[in-house]
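K.L.:
For the sequence shown, the residue numbers in mature numbering (1 follows the signal peptide of the UniProt record, and there is no 0) are -20 to -1, 1 to 232.
Among the hints, a few may not be true.
As the list claims (entries may be wrong) - Pairs of lysine to any residue residues, derived as SDA-like cross-links and limited to a Cα-Cα distance of at most 20 Å, are as follows: (1) Lys159 to Leu148; (2) Lys185 to Glu165; (3) Lys188 to Lys131; (4) Lys159 to Lys83; (5) Lys59 to Lys83; (6) Lys229 to Leu187; (7) Lys131 to Asp162; (8) Lys126 to Gly160; (9) Lys185 to Val221.
In short, the hints are calculated from the structure, not lab data.
Remember, predicted model here, so these are calculated numbers, not experimental data.
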Amino acid sequence: MKATLLFFFLSFIWCGYAQSNSQEARESQSLLYDQDSTLSPLKLDRELLKNYSKDSRFDYSDKEVEENWWSQFKTWIHKTWNQFWRWIFGDYESNSFIVFLFKVLPYLIIIGVLIFIIWLFYRLNPGVGFFKSKTQPEILYSNEEKIIRSKNIDKLVDDALTNQDYRLAIRYYYLKVIKGLDESEIIEYQFDKTNSDYISEINNKQLKSHFLKVTFLYEYIWYGNFAVSNSDFSKAQAQFVELDNLISKKDG
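Using the sequences and the hints, build the whole thing.
P.N.:
Now the structure itself:
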């Protein structure tokens, strides 16, 4: 009994001591207010604020950047591209493979176009041997060049007449004229030149006049798919023979 009373007595004393310490700790941690000093409003240096407002580094307002025509064009291309593929596949963004394909496809198209341009340049410029060995040069000619530079054109004319292909015979006659002018150094033949270029190179008025006639005749028959009869060919042949004789005289 005495032991029980002693236990409650000590517990009461300990609780009172703990409460006293807790109260003192709260009082020591409380804020102190200075109620004796007078309050004064905060004053800002207006001149300093004015300088800051003029400094672009402190300008945080959102500004709309005006796009130039190139940026607007690229934006339009991008939107049109996306609309086109959405029209075909719908919401293709949910498919990761299609999204990847769309990102890569423009670059593949550009690479393909560049390869085509290089190939076309190589084909149209046979003298440029990018992929040829210097020890074994090879000259590539177009069909027209092969006829002018290495073929017996008179035999080609005879073969065309044998087959009654008068339109083709007119073409061979015209290439024979070009070959004769080139060999006589009246013009300089190049496969990429036009008939107008050759006309401008001829200085002799009589020769130029006859060449204009046969050029008009040739272009009308060959490029116009004009059906040529035997009598039509005979009339055209007379013009080519006359011009060929003029070239021979100038050459002589």
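K.L.:
For each hint, tell me whether it holds in the structure or not.
P.N.:
Evaluated hints:
Between Lys159 and Leu148 the CA atoms are separated by roughly 17 Å; this keeps the pair inside 20 Å, and the hint holds. Pair hint Lys185 plus Glu165 holds up; C-alpha atoms about 16 Å apart against a cutoff of 20 Å. Annotation: proposed proximity of Lys188 to Lys131 is violated, straight-line Cα distance about 25 Å (limit 20 Å). Between Lys159 and Lys83, the direct Cα distance comes to roughly 53 Å. Violation of the 20 Å bound is thereby established for this hinted pair.
For a cut-off of 20 Å, the pair hint linking Lys59 to Lys83 stands: about 14 Å separates their Cα positions. The straight-line distance between the Cα atoms of Lys229 and Leu187 is roughly 11 Å, inside the 20 Å bound, and the hint therefore holds. Our distance criterion of 20 Å between C-alpha atoms is met by Lys131 and Asp162, whose separation comes to about 15 Å. Taking the CA atoms of Lys126 and Gly160, the gap is about 15 Å. The hint holds against a cut of 20 Å.
Taken as a hint, the Lys185 and Val221 pair is honoured in the structure, with Cα atoms around 18 Å apart against an allowance of 20 Å.
In this structure, the earlier hints numbered 3, 4 are contradicted, and the remaining ones agree with it.
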